[in-house]
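Protein chains: 2
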Amino acid sequence: MKYSVIGQRVPLEDAFEKVTGSIKYATDIKLPEMLYAKVLRSPYPHANVVNIDTSKAEALPGVEAVITPDDVPEEEWLEESFNYYGRVLHDTVRFVGDEVAAVAAINEDVAEEALDLIEVEYEELPSVFTIEDAMKPGSVQVNPHGNIRQPSIVEWGNLEVGFKEAEFIFENQTTMESQQHAPIGLNACIAQWENDKLTIWVSSHTPFEIRDVVARYLKMPLSKVRVIGLPTGGSFGLFWLNVFHFIPIFLAKKARKPVKFELSRQEIFATVKRRDVPISQVKLGVKKDGSFTVIHMKHYFDNGAYGFKSNPYESESDLWVRNAKHGKFEFYGVSTNLLTAGCMRGVGDMSESFCVEQVIDKAAEKLGMSPLDIRLKNHSRAGDRVRGDMFFYLATGLPVPEKYLSSSALDKCIKEGAKAIGWEKKWKGWGKPVAVNGNKRRGIGMAVASHCCGQRYLGCPSVIVKINHDGSVNLITGVARLGQGVETSQAQICAEELGVPIESIKGTHGDTDSCPWNQATVASTCAHITGIATRAAAADAKRKICELAATVIGALPENLDIKEGKIFVKGQPRTSIPITDITDKILTADGTAYGPTIIGSSAKNIPLSPVARMFMAHFVEVDVDTTTGKVDIIKYVAAHDSGTIINPSIAESQVVGGIFMGAGIALSERLIFDEANGQVLNPNFVDYKLLRAYDMPVPEVIFVENVDPVGAFGIKGIGEGVVAPVPTAIVQAIHNATGIRFNSIPVTPEKLLNALKNSQLS
Amino acid sequence: MKYSVIGQRVPLEDAFEKVTGSIKYATDIKLPEMLYAKVLRSPYPHANVVNIDTSKAEALPGVEAVITPDDVPEEEWLEESFNYYGRVLHDTVRFVGDEVAAVAAINEDVAEEALDLIEVEYEELPSVFTIEDAMKPGSVQVNPHGNIRQPSIVEWGNLEVGFKEAEFIFENQTTMESQQHAPIGLNACIAQWENDKLTIWVSSHTPFEIRDVVARYLKMPLSKVRVIGLPTGGSFGLFWLNVFHFIPIFLAKKARKPVKFELSRQEIFATVKRRDVPISQVKLGVKKDGSFTVIHMKHYFDNGAYGFKSNPYESESDLWVRNAKHGKFEFYGVSTNLLTAGCMRGVGDMSESFCVEQVIDKAAEKLGMSPLDIRLKNHSRAGDRVRGDMFFYLATGLPVPEKYLSSSALDKCIKEGAKAIGWEKKWKGWGKPVAVNGNKRRGIGMAVASHCCGQRYLGCPSVIVKINHDGSVNLITGVARLGQGVETSQAQICAEELGVPIESIKGTHGDTDSCPWNQATVASTCAHITGIATRAAAADAKRKICELAATVIGALPENLDIKEGKIFVKGQPRTSIPITDITDKILTADGTAYGPTIIGSSAKNIPLSPVARMFMAHFVEVDVDTTTGKVDIIKYVAAHDSGTIINPSIAESQVVGGIFMGAGIALSERLIFDEANGQVLNPNFVDYKLLRAYDMPVPEVIFVENVDPVGAFGIKGIGEGVVAPVPTAIVQAIHNATGIRFNSIPVTPEKLLNALKNSQLS
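These protein sequences, in sequence, are chains A and B.
With the first sequence counted from 1, adding 1352 to any position gets you my numbering.
With the second sequence counted from 1, adding 1352 to any position gets you my numbering.
Derived by calculation from the structure, the hints in this document are not laboratory data.
A few of these clues could be false.
If several chains are the same, the list does not tell them apart, and a pair holds so long as it fits within one copy or across any two.
Computed cross-link-like contacts, DSS-like style, restricted to lysine-lysine with a CA-CA straight-line distance of at most 25 Å [stated by the list, open to error]:
| no. | residue 1 | residue 2 |
| --- | --- | --- |
| 1 | 1516 | 1755 |
| 2 | 1606 | 1376 |
| 3 | 1571 | 1918 |
| 4 | 1516 | 1640 |
| 5 | 1780 | 1635 |
Given these sequences and hints, build the entire structure.
As structure tokens, this is what we get:
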């Protein structure tokens, strides 16, 4: 189907503001009389706070409020999605950097000085930093709810039967170091009280989640908490709801003035959140012909000090269900005295995939199959029963319905990606590198992955489409602008459905007072799930316009259509009236003109089944320098099934960005924790090694045409999943080049050289 | 009928912000990099601008943009309601203070300094300052469209027949000096361009009218112009669309930075707008029994330099149609070289009433009737055919429909007001004062008036009611917060209809991006007309909630009702479910939970007929000091039919405030124009004499119970009309005290003493 606006490379709505630097992030907000907050953080990984003396700090001129655990509720604040536990300030501290007290002062210098004047007496407690240690019976109890979170289990068939049916059984265990989200933007939050009303300015993924949690915690009506969601400078999970958002709220209440809390780069690296450290174990049953019979995964991940996650997205558990009629995925979240861990781009789908993809390659090698063929034989197809995405049901307690996969073109992704990288010519078989040239060994690798396209957890988004008298449109949604271009892609969906030019649409997003509820802009929610709501709201407005136009044109409303701002009888596009004939002099039921503004709103529920997933196959060619241990990416191809592509420029950017992030995770990115106290030792862009634009060639991106039956215009999602297959594909290419299969990443030059020493190549 | 929320003295939603000074007006807005504008104004009342040299001003460090008539469109900007004409800057100036050039600089001092460096060469033209002179054949032409605006005529029956039927004919001519709105707030407007998007922060009556006019003038889609309507510090007509709003827009475009234009107190008094100077002539035909047969009014009012009004509200023309089957009201707007005149609280209804009420008293005196009886005999009743309120039809060109009066309790107002002031005891007959005590003479007077309850011009307002998961509500409207409490009264209407507590409602008002269109908050529009839309939007949300609740409760949706946040089967309020059972886990058509946010929106048109008017009867007792000429108000009673009263505290405040304003107009307020050049000579609160709180006792306010069939819950309107009868009532009381009937106001001590000199009292 040919669309007018969908599929066009429409420029980003906020491009001008970004290029000229005039866009406003939370860091840019400055209110009259605003105070500045600083937080006193624990120097110990685990300790009781025995006493806090704030008298000297309070006496410092310019200090207007000091809060300690005594000033915040005894109760825990708890995100409904169960990712966190804990109070706002802590009388038992659980990691180096934990929030103990906070100050609001006339400027940041005074606030900083006041922190030094707060005297805290600690009683040190033993601490624990690894999943293994924290799970041992009798371990130090980090989390008062227990170190091990109630596991989340996805199970089908019967493991025993599955393994009996298998002719081979392969096992694997992997891990990876922790990463930091490392966006360029800074976290900031400004809180202002006006009597019983609270306003929060915040660059965030999730204005509505912040509103909902803050209102519940403070026992306020949702209407009295206004969160003004501002754009973020990147995020990748970091600008989600966090305990730091509460600090300016309590300070502002006490100081009776607005308070801004802007985190330093060091605090953003070392005190907000990070990616978990996983231990993944998989056991795969396979028949001689390569078909899987059973898959059993145990996935442990550390929640750090205040994480409370039980369930990383389990798209991986649904990726291989075509032949594997038996399976079990077990997820264990474990508390430690490290910085809190939580969702970061790709979440469990990356770490689980890193384990599963390698066991699949082990099987392929054993059976003499190519990595492509074994995947083509086993991956899930449209109509397959899927069981993952349990987030919603865990959060709500609702029974899990039968769900079926809506669409999949993973086979096409594999085939088209392979063609683009030149697989047939370059793949010489297991143990055979693409080329050897002196100390350089070239290898090729590939991996596949899947990811949810948003999850309908805690509610369906709504959207409002307001038609102005001149036919232009205000599109009002609760999405968050993370730099992913959501304001532009939603406008394209609206323009396409409504039949108006994209230039006439302007978005209002993320203000919880005026925008309808939207779930957190996480997990690739917007394009697919908010997209359905945007289309429905536009369709509602269109229906209302056509109803009014029907009497003017002399046709049934259902026979009318709108394109390029013109209303016409379907099939007769040449005789039309401009949309302004209706919107500018809105006709009403009593035949008079100038009626109320046309408002479209979505009342359409997102279906529970079929459920959409994005699929992708990534291919990479690397050069491994056996002298320096350095891995160079030579060529990268990413083939994606994300359904209909709304805006190729936006989609390509998301893929390319995700590949750079995934490659960083594979080769260089890692948070270094002090062995003695768990403190983050590299909390900055100098010591935390991100890949830069010149570190690898621009990947080639292929979108496989595939119209999903659930999404608006067949749209699925893209941003979050991209990162999932990247580390595996790179590690597989290193394996192809060197014969070494790395079960932990990043594969730093040091690690590679060490491994080479023990290999037959050295 | 007993309501839950309507009729309650709910505290003002923004009371806290106002009391603590934290509320934000446009003057409080400060943006990064913002520049400050100043305007160069003409020193001549009428002149051609021959040359402007801005080179020295542009060279001044800190100046970032200078604009002259060359930088603004040749075309006129023209408000759709036809109140203004003219360009943004003028190469022919038409009053002292006219806008010639403007500067944007880094601060106001530099901008001011730059103004002095602009060299303008003028060619002086002859000028004209009075209606009489401007209407003379061969007069100086002020207005290129002609000095006399196309007259607006309201006519019924046949004048000739009417005067033939009359047994007496009475005539009268009145005038009044010009007043200034004199709100405590300051006009300010900030404009910011972001590529093709324009944002305007403004304290205004009418965010949507500014958006619509600016977009049309700049040929932009309405969606790309965002007006953020902020509260005003009073207004009374002053914070309406004005040419000064365009100045920061053009400066910001040229400077590529946001520009703020904050008018000085002097500019607000002398350069924005003022009340017109009217000449009203009336001829009334009356039978012996006191019944009117015909009324003929000619009403001339000056438009000043750039006013373009043809039609002050003509509620007065509809007030006496019960017996007077013949009538004609002619309205002539005339241009002069004075400060632009335009709508100010009460508009034509005050000046026309001042003329008509006195001719009625002349008739009553002649016929020996009391002022009460002649009015009771002749005033319009529900069902009477009315013909005024032609604004909408003049603006749109639509045919005027047959309209009938919806309700009237003016008779009750007269009777209850008379009772409260003690009329029977105090009124001793024509020419007989209430009391004489030395040099003090006490008199009693009364007057009645009517005013429209908003006019449906250019469109019907829409409202959005957003239901949050906890059942709390965001009420989203395009109304303007002028201090009249509209945010609170609309919330009460919403709470009443929806059946939720008032505390759970919060308003979002006046942002043209996120709020639906609302007509200008003028002419007492909000309570009646926006109220109908608010009730309809709340009813739409309620219907959706009841539809979802129907399956849970097991009843038909139409049999359900909501009160105090509980849903129940009508007639069975004891068995109910909390509204959160529906809103918190919104059930959907497929039986699953967590559906989209419930959005109610109004699609209800305001009926064209019957049409609602507010009515009032005011009574006042004064002491006239024949030595000093000072008039003291001893007691004031105002009885109002405004239909159902939403919030007595708000309504009383509006009445009391209006009486103080009207009393000021009667006794002290007047703009003084320089005879030589028309310049305003008293542009400040020292020389312009407002009444203050201690200048008269607090009036007694009576609301006559009367449920209007059109308004939501029977609500009509109140704020604008209040001022209309006040000057007349006071002047009648002076007449009762002294026997002198003043045909021009204010009755200053000087004027009173002069009149006394010539009267038999002196």
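Report task. Enumerate the violated hints, using their earlier numbering and listing them in ascending order. Result -> 1 and 5
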